[in-house]
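For reference, the chains in residue letters:
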Amino acid sequence: MELEDVIKRFSDYKYVETRKHSITSTHLFIINGSPAGLADSTYNGYSVRAFKDSGMYFASSSRLEDLTPLSLTLKEWEKGYSADQRSSGSYTVEEKEANVPLEEKQKLLIDISKNLLQLKVNSKISSLIIFYSESKEEKEIVFEDGTKVYGKVPRINISVSVTMTSDRASATFYEEFGGSGGFELVKLWDIEKTLEEKIKSVDTVLNKGKSVTPSKKDVILSNMLSGIMAHESVGHPFEADRVLGRESAQAGLSYLVGKNFGEKIGSEAVNVADDPTLPNSSGFYLIDDEGIKARTKYLIKEGKINELLQDRFSAYKFGVSSNGSARASRFDREPLVRMSNTFFMPGNYNFDELVEDVKDGIYLKSYMEWNIDDLRIGQRYVGLEAYEIKNGEINDPLLFPVIEGTTFEFLSSIDAVDNTLKFYYGTCGKGDPDQGIPVWMGGPNMRLRNVSVKVRGNE
Amino acid sequence: MNEDLLKIMENLKGYEEVAIGRNKVRRLLIKFVNSEIVEVQRLFNDNIGIVVKKGNKYLALETSGDVDVERIKRLFDVVAESSIVPSLSDNDKEYKRVVESPLKDIIEKGDVDAISKEIYSSDYPASGIINVMENTQAIVTSKGFNGYFVNYSTDGYVRAFNDDQSGQWAFYSHDLTPLKDTIKQANVLASIDGKVKVDDGKYDVVLSPLVVGNLMTDFSYFASAFNVITASSFLYNAKPGDKIFSEKITISDVPKKLGTRDFDDEGTFTYDKSIIENGVFKTLLYNNELAKMMNTKTTGNAGIITPVSFGIEVSPGEIGFDSLLSGNVIFVNNNWYTRYQNYLEGAFSTVCRDAVIVYKDGKPIGNAGRIRISDYLPRLLKNVEEVSKERYSIKWWDAPLPTIAPYILVKGVNITRA
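Residue numbers (our numbering), protein chains in the order written: chain X, 102 to 560; chain R, 381 to 798.
Since the hints were made in silico from the structure, they are not lab data.
Hints may be right or wrong, so weigh each one.
Short, incomplete list of chain R residues facing chain X, as computed with Cβ under 7 Å [as the list claims (entries may be wrong)]:
id: 1; residue: Phe-424
id: 2; residue: Asp-426
id: 3; residue: Lys-453
id: 4; residue: Arg-454
id: 5; residue: Leu-455
id: 6; residue: Ser-463
id: 7; residue: Ile-464
id: 8; residue: Ser-467
id: 9; residue: Ser-626
id: 10; residue: Gly-659
id: 11; residue: Phe-661
id: 12; residue: Tyr-717
id: 13; residue: Trp-777
Each residue gets a CB set at the ideal place from its N, CA and C atoms; glycine is no exception.
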């Protein structure tokens, strides 16, 4: 039995998409310098999503035989789909180093772990856990009009969890590395150096960090902080299905409900894009799971609402074309409007120019905790590596300053962004059943004027 | 029984220990928005999990397809000696339990009529998910255990919208009886109007069963022995007998009471047990290997390598929910996006949502909106003042572990707002 046979079963539906989807992955765990096991998983199966006026139906199984129609007569929320041109085609990501033995990978990670545990720092490194994952995702999608899409993306992800304690304070933090490609990525990331620098600076914060005085201050957000802001404060609320209410019982609605295209929500320095075509990115694809060719989406241009992330069903309700944002995480998950690689676009300043114009401020280099409300307005960042800025110079480390404010306050207060662009790995969650998908998030260093800085609650 | 799993076992000779498990789920899901149906989903998952062990080496493998024995052998050859190695229970019993349930028919027929009829009846536009599930757990071990357990459950959550006000409720059950009341409760909470501003500061807060469920999912993580030995839990220095929380708080892991699991992934029969009893720490959640490392016995909560809870119960108090609201408190209907700054200290914040109602002298004066609880979980559990006698069995998207939860009143909770 083939995917085409499933389409025949659903011949009375207007829209039919069938998918064969497999993800094979291998995971290594290193706890405090010692191997803690090897795990291997294969999720391989099929799905069908079919729509007609009386209902949308999705079925999945590891057996094609189970994908049978269901008679439905419902008050249907979806009213139609955008009839955009589908593209048959395929895309793959090459693994330049595909044959590195697992033992060699394991040894490298053990060596990194041991070297980091031996660093001479004043704090105790109570725990250092490395989680290595390599995967291959393969999709074959066939639609009711005969269009076929094939995609193959290998990925690597390394997540490192560290707990450090000093006489004064403790910190737990994660550092993640990810991209699409082969083991060559690991060499590019320079994991040991990145973590060594981070552990040393967290050590300084734990032992010498001083309390922040709560007040309005200028804040420089690092590439990492601008990445999380791009993803969470802009990317999610710009998901068109979310604006329409499709996720309203889960992750909520969006501050864009009731707003218009062209409306200003940030300063002119704010430009945000989502681009699935970035080579070797975690969110890479060239044709989406509804057969629409991928392209860069410019969500905010010069502070104004420009474009939402759309799939064919949300596009129908907005009266626009899909911009190819539909992705499903596994065979047993429906395609949803998803981000890929979301980022603030860089500007013309350099980092020193951002700093030299700050009299009293803070530089937030990394964070421990971040969350936002279900309209994507009120958000909070707790700084990990954070520093005082006095009269244009970065000075002493600060112990866990907090910035808490609204998306509109923050986007409007950005007066300058530098000319760098760095990306960070993330697993983006959405939907029920939950779909974690790999993404990148990134941006330049950004300067925010007159932001509310708080002290962590009653420590 | 489990002949297909035993056949795989036949092909895996030469290892000291082998466990082969099956987790099969048939799920009917109804997603709705504004009281209209977005989608009906039928999801069939059939995953085989295999653990092979020899000396200090082990491999864990999971597949939704055919088991590739040669791949297992190939991968095992490159496994390094591990600091933690799974250990199967010396249990050679045969065990079978198949729960009878009317939910089976609903799943097999894909019959959504009764559910959709209830959804259409909501006074305010309602969004949410209803799940109806058949769960099959099977395991055979090289120690001779052969277990088979089939249960049925349904869970769901409803968020009702009344302009810019909303109310949310949820349920976890073995039948669809709670659905009607869940919709009603979400509507009641969405109807509470008025707005009031709350500034940063300390407040007495009444947490609803949904919030308790969210925090208990996290608590179960902190109670896992794995997270204690990896310095990722504020329970790292708790000893049995230590009084660490308010005496009003009793938290138990209750796989039997909730009917979620009869045996764990190492072939140990599950049982209900207190983790915290009247504020006193009783035990972490263990599997065999971590119990051995920490000089105790498994609690039947394996998880290969990582022990997990199979469902939480917070014991009831003696006073009614209405009494909790009698003073100056903030009632929090729901929360989401709970994130920890520091697992060792349990420092976190979470964003309140839906009906966040300020009560003054026992009377509601308005909704405080999306304020944030920015505190420490252990301190919050220390400051529990009262627990309601009413309890609800809940599970939802941001409280995924089935939990029997009361309302709880916590004194002096740190509140911030953006």
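Evaluation of the provided hints:
Using the Cβ-Cβ criterion of 7 Å, the hint placing Phe-424/R at the interface with chain X is satisfied: the shortest such distance is roughly 4 Å. The beta carbon of Asp-426/R comes within 6 Å of a beta carbon in chain X, closer than 7 Å, and the hint placing it at the interface holds. The restraint placing Lys-453/R at the interface with chain X is violated, with a minimum CB-CB distance near 12 Å, outside the 7 Å limit. Taking 7 Å as the C-beta contact cut-off toward chain X, the hint placing Arg-454/R at the interface is violated, the least distance being around 10 Å.
A least Cβ separation of about 6 Å between Leu-455/R and chain X falls short of the 7 Å threshold, and the interface hint therefore holds. Annotation: Ser-463/R was flagged as interfacial toward chain X, and the flag holds, the nearest CB pair being 4 Å apart, inside 7 Å. At about 5 Å, the closest approach between the beta carbon of Ile-464/R and any beta carbon in chain X falls short of 7 Å, and the interface hint on this residue holds. At about 13 Å, the closest approach between the beta carbon of Ser-467/R and any beta carbon in chain X exceeds 7 Å, and the interface hint on this residue is violated.
Residue-level restraint check for Ser-626/R is violated (minimum Cβ-Cβ distance to chain X is 18 Å; threshold 7 Å). Contact between Gly-659/R and chain X, as hinted, is not supported at the beta carbon level, the nearest pair being about 22 Å apart and thus beyond 7 Å. For Phe-661/R, the interface hint is violated, since its Cβ never comes within 7 Å of a Cβ in chain X; the closest pair sits about 20 Å apart. For Tyr-717/R, the suggested interface contact is upheld, since its CB lies about 4 Å from the closest CB of chain X, less than 7 Å.
Checking Trp-777/R against chain X by beta carbon gives a least distance of about 5 Å; that is within 7 Å, so the hint holds.
Checked against the numbered hints given earlier, the structure breaks hints 3, 4, 8, 9, 10 and 11 and satisfies all the rest.
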